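Engineer: The primary structure of each chain is shown beneath.
Number of protein chains: 2
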Amino acid sequence: MTLVVQKYGGSSVAGIERLQAVAARIAATVAAGHGVVAVVSAMGDTTDELIALARVLHPDPPRRELDLLLSTGEVVASTLLALALEARGVRARALTGAQAGIYTDGTAGRAAIVAVDPARVLDALATGEVAIVAGFQGVCGAGPHSEVTTLGRGGSDTTAVALAARLGAAWCEIYTDVDGIFSADPRVVPSARHIGRIGYTAMLELAQQGARVMHPRAVELGSHYGVPIMVRSSFHPGPGTVIARPGAALPAALQGDCLPMERDKKISGVAHDNNVARVTVTGLPHANFELHRLFTPLAAVGINVDAIAYALDADGHSADCAFTVAESDLAETVQVAGAAAIALGAREVRTRRDVAKVSLVGIGIQDTPGLAALAFATLASAGIPIEMVTTSQVRITCLVPEGRMEEAVRLLHSAFALGTASERAPNRDEEPAEVTLWSA
Amino acid sequence: MTLVVQKYGGSSVAGIERLQAVAARIAATVAAGHGVVAVVSAMGDTTDELIALARVLHPDPPRRELDLLLSTGEVVASTLLALALEARGVRARALTGAQAGIYTDGTAGRAAIVAVDPARVLDALATGEVAIVAGFQGVCGAGPHSEVTTLGRGGSDTTAVALAARLGAAWCEIYTDVDGIFSADPRVVPSARHIGRIGYTAMLELAQQGARVMHPRAVELGSHYGVPIMVRSSFHPGPGTVIARPGAALPAALQGDCLPMERDKKISGVAHDNNVARVTVTGLPHANFELHRLFTPLAAVGINVDAIAYALDADGHSADCAFTVAESDLAETVQVAGAAAIALGAREVRTRRDVAKVSLVGIGIQDTPGLAALAFATLASAGIPIEMVTTSQVRITCLVPEGRMEEAVRLLHSAFALGTASERAPNRDEEPAEVTLWSA
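Respectively, the protein sequence lines represent chains A and B. Using this note's numbering, the first residue of the first sequence is number 1, and each one after it goes up by one. Using this note's numbering, the first residue of the second sequence is number 1, and each one after it goes up by one.
It is worth saying that the hints were derived from the structure and are not from the lab. Among the hints, erroneous ones may be present.
[Unchecked claim] Looking from chain B toward chain A, a few residues come up when the C-beta cut is under 10 Å (computed):
| id | residue |
| --- | --- |
| 1 | 53 |
| 2 | 61 |
| 3 | 78 |
| 4 | 81 |
| 5 | 382 |
| 6 | 385 |
| 7 | 388 |
Keep in mind that this is a model prediction, so the values were computed, not measured. Glycine included, C-beta positions come from ideal geometry on N, C-alpha and C.
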C-alpha cells in the first residue's frame, strides 16, 4: 500500500459542499489502494475571523492565548472532514496536532517542528482509517504543562511535508486554489507559463520571494528529506506542479500529472512580493559599529531580515545600513532594531513601506553571465528605479517602488521569454507590453 | 488569599459585551483579594451550532469526533475571556481541560472525571494569574494517544466543582441566567419562592428531576467534598442560592448573599421534566425472566434508567416491565433494550414520549406521613392521571401526561403552600389557580 499525505488549504474546505468534495477526493484515493493522511487548514477565513475577534477584546492579543484560540479552527475542520468521510463509509479519525505527534519548540505564533511522533497516525492507518490531521499546529511538552503552538501562516504545508517525511510517504499533495506553479503570477502576467516540474531550490526561492502557493519552510523540509511534492488545484482537475530533486525518478502516479521535464530553462519564473518594508539606519559610528548588535535582537524575536546593504559614508567615519523585512514585521522591527540603533549611536532610523521585491529565479542564474545585466537593463529601459539588489545562487532580487512592481514583473517575464510559446517576444523599443495585457 | 472558583455558563459569555462584563466581575473578585479560577462554557449556542453542522455532514456523528469538535467551543470562550482580562490589566491564562489537568475515563460524550492534576492551575495562581479553564471537557491519557472527551451537557458545572474540591477552594460560584433556585420554575409558577439556602440532597433531587439550574453530577461532587456552591445570576445583582451541608458554617462572603436559613420546610420545591419517555416491555416470560438482562446492556452504554415498575400479569406466568429514560436517549434505549427483550422472549416493546415527571422534593418527605397522599389527591382532584410513581428519601415523583405537566406543578406548589407569603392558598373546590396565573 502506497502512503500519500494530502494537504487541503482553507479555501478547499470552506463550507459543507467543499468539505464533501474533499471527502470524495480522499475516498477516491483510498479506493485506488492508497493509505491517506489528510492535513487540513481552518475553513475559509476562520483564522482571520478569530484574529479579528481577539483584537476586539485586546489591541495586541498575547501570542500564547492567540495560538490556543487559532488552533481550534483546524480542529473544527478536521473533525468535520472526518464526519464527511464516515458518512461516505470511509473510516476516518480526526487528530489534533498533539495527537498526530507534531512536537514544536514552543515558540508561540511561529513554532518550529522539532519532532514528529507518528504512533497515533500509524495506528489509524493500520486499522484502515484515514488520518485527518489538524494542520498549522503542534504541541510543546505533554500533560498539564503542554502548550499548543501554531506554526505561523502557511504552517499546514509544513505539517503535511513533515508528516510525509516522517512516515516515508511516497509523496505529498498540496491542494490549493491554483493549478500549481507558474513562471509568474497569472493575475499579473496572463501569458505566464505553467511549470510541470521544478526543483526544491528554485521553488524555495520562488516561495520566499512571494509566490504564495507554498510555504517556504515546507519546501525546505521537502528538500531536506527528498519528499516529492505535488501542488495542484482542489477545484478542478488538470496537471499540477511536481517539486522534486532535478532528475530524480518520480512515483508513477505523479508522472502522468506533470508536463515533460524542462532541463534547459535558466530561469524558472518571476516572483513578486509587496509585503516588504525597507529600514535604513543612518550615521552609524563606524569605529565601534558591530553589525550583529543590530540584527541579533531581531533574530531573537524571530524576524527574518532579507536584503542587507551596508556602506560607509563619504567621510569614512560613519556608515548607513539598509535592510528589508516583511511589512507585517515592521512595527516590531522598528521597536527592536530602533532600540539597538540608538544604543549604537546611530543618527536616525528611516522606514519605507512603498517598496516591493521582484525576483528572477532559476537554477541557471549563477552559471550564466549577463542575466543580471539583462534584468537591470530591462528595468532601467522602463525607468523603474532599482533601490536595492540581492542575489543568491538561484535568484536575482530587485527592490522597486511598490507602484511599479507589476510592470517590472511583466517586463522581466517578457525579456526572459518565460511565457507560453504563443507569447510574442516584445520589442523593447516599442510601448511596454503590459498596456495591452490589461486591456481585456 | 481566599481561592474562589467561578463558572460562567454559555449565556453569560454569549458575545463580546458579556465576555467583558464577566471580565469586569472577575477583576472585581481579584481586586477583593481573592485568587480566581474561572471555568467557562462555550459562547451562547456554539455547542448546538456545532452539533447541527456535524449532523449536516453525518446523520449520526461518531461520538469521539463530535467530542473533539465540541471541545473547541470552550477553548474559544476561555481564550477570549483571557484576552478580555488582559486588556483590563488583569493577568490571565486560558487552559484547555487537558492543561487544567482534568482527566476523564475516556467515555466519549459523557466522560466521568477520574482525577484532577492542578499543577498548571496552581502555577498560574502562584504567579498572580487568573486561571481560565475550558469547561465541559477533559482528557484521557497523555501524548499522541490522549483523547479529548466531553463530560456531557452541563459538564462545565462538574469541571468547576471538581476543581474547587481539588484546589480546596473556599467556595464555588455558578453564574447562570437565573437568580438561583426556586420552589418551582418561575416561568410555570410565577409565585415561586426564591430559596436562599438548600442542602445537597434536596438540590440533587431537584436537579435530577428537571431543575436545569445546576447539573446533578456537579451537586453530587459538591456534596461528596463539601464544597459550598453559590448559584447566582451573572446578569444582575441580588441574592443567589447557597448549596451547602445543612447547618454548616458558611464563608462570610456567602452569608450576606443568602436569605436566612429555612429549617422548617418539609418540601423545598416542585421540579418538572418533560425530557422523559416511557418504555414498556410486555409479556416477559416470568419463569426465566432475569431483570438484569434488560438493564445491564443499557447501563453498559451509559443510559440512566429512572423509574422502574414491574408487575406480574394476572395469569402469573408473564410480566410487564415499564421504565423511564431521558427522551433524548429513547432511540438508543429501544435499540439496546429491544434486542434484550427479544432475546428474553417478550411479547412487545411500547414507547411513549408524551409523558413528563413532576416531583416534590424536600428533606422532610420521608419523615412526614401523608405528604404522598396529599400529592396524589391534589392531582386526582384535577383529573390528572398518574401513570407511574417513584419515591426516594427526599422525593415523590409522578409521571403525568406531558400536556398537563405545568398544571400539575402549579397545583402541587399551591397545595403544599410553597409560594411567597403573598400567595393566596387556593381553594381546591374553585377553578384551578393557573387560569388566572397566566392572565397577565
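Engineer: Hint by hint, say whether it matches the structure.
Structural biologist: Each hint tested on the structure:
The restraint placing residue 53 of chain B at the interface with chain A holds, with a minimum CB-CB distance near 7 Å, inside the 10 Å limit. The criterion of a C-beta within 10 Å of any C-beta in chain A is met by residue 61 of chain B, whose closest approach is roughly 5 Å, and the hint holds. At about 8 Å, the closest approach between the beta carbon of residue 78 of chain B and any beta carbon in chain A falls short of 10 Å, and the interface hint on this residue holds. Nearest Cβ of chain A to the Cβ of residue 81 of chain B: about 9 Å, under the 10 Å cut. The hint holds.
Contact between residue 382 of chain B and chain A, as hinted, is not supported at the beta carbon level, the nearest pair being about 48 Å apart and thus beyond 10 Å. With 10 Å as the threshold, the beta carbon of residue 385 of chain B stays out of range of chain A, its nearest partner Cβ sitting at about 43 Å, so the hint is violated. A least Cβ separation of about 38 Å between residue 388 of chain B and chain A goes past the 10 Å threshold, and the interface hint is therefore violated.
The structure shown violates the earlier hints numbered 5, 6, 7.
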